[in-house]
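Undergrad: Sequence:
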Amino acid sequence: MADRKPGGVAVNGLLDDEVQQILAVFNEWGERDRSHRRLAHRGSYVGRFWASPSTVRRVLIESDKHFRPLPRPVRGERKPFPDWASYKPNSLWIYDTTHFTRCGAKVLIIEDLVSRKWLTHLVSSEETTTQVQAAFTTALESEGLLKEALARTATGRVDPDADDGLTPLLLAVSDNGSQMIATGTRRFMALVAIAQHFGRPSTPTDQAWIE
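Residue 172 in the UniProt record's numbering is what sits at position 172 of the sequence shown, and the numbering runs on without skipping anything.
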């Protein structure tokens with residue numbers, strides 16, 4: 001027996017018709033899918049071709065076909081703080097969460113925007129409204145504001161689902177994180193007479209004090 005020279009073609013290689021179908025589906029669906037992975041699934045959904053995402057990506061690169069990125073949204077004007085919020089301690093609080101990925105921990109930090117006082121922090125493996133509520137309860141208690149907040153709640157005049165015109169105790173400034181905009185967080189803030197102020201999406205400079 002003697003070794004033969006290797007050759008031939010892969011039995012699972014793409015046919016010319018399959019390549020043409022990939023390019024045709026790209027022309028039809030590329031603006032909607034904007035991903036070689038989605039386009040690969042799209043091909044099987046519509047019954048045009050069956051190929052892996054990496055194969056679709058290779059065919060598109062070899063044919064000089066590229067997905068166009070979505071246009072950046074127009075950046076709006078920064079929303080000013082409400083008139084009742086004064087630049088004095090315990091009037092403007094800002095908070096954010098820092099991630100320590102190696103140990104899987106998240107640290108929620110609350111800081112006074114005016115005095116720069118580090119009010120409290122909370123370390124947890126989760127990042128939900130529960131951590132926001134616990135941290136703000138601790139901060140209110142340490143600053144002697146919890147009794148006043150609870151007194152407002154006891155009067156029954158604070159409706160978490162409606163703005164009744166009461167001047168809040170303070171303004172909590174944050175980004176648009178899921179735990180910040182959650183319904184549970186909104187209800188808790190209303191019950192302790194804290195108003196919320198959110199920065200513009202994808203604009204970390206709106207929270208530069210805490211970033």
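Think of the hints as simulated: they come from the structure by calculation, not from any bench.
Glycine included, each C-beta is placed from N, C-alpha and C at the ideal position.
You may find that some hints are simply not true.
[As the list claims (entries may be wrong)] The calculated lysine to aspartate or glutamate pairs, modelled on EDC-like cross-linking and capped at a C-alpha distance of 20 Å, are:
{"no.": "1", "residue 1": "K117", "residue 2": "D96"}
{"no.": "2", "residue 1": "K106", "residue 2": "D96"}
{"no.": "3", "residue 1": "K88", "residue 2": "D112"}
[As the list claims (entries may be wrong)] Distance windows between CB atoms, simulated:
{"no.": "4", "residue 1": "A151", "residue 2": "P89", "range": "29 to 39 Å"}
{"no.": "5", "residue 1": "R32", "residue 2": "S52", "range": "13 to 23 Å"}
{"no.": "6", "residue 1": "L150", "residue 2": "P80", "range": "22 to 32 Å"}
{"no.": "7", "residue 1": "K117", "residue 2": "F67", "range": "42 to 52 Å"}
Undergrad: Give me the numbers of the hints this structure contradicts, sorted from smallest to largest.
TA: 4
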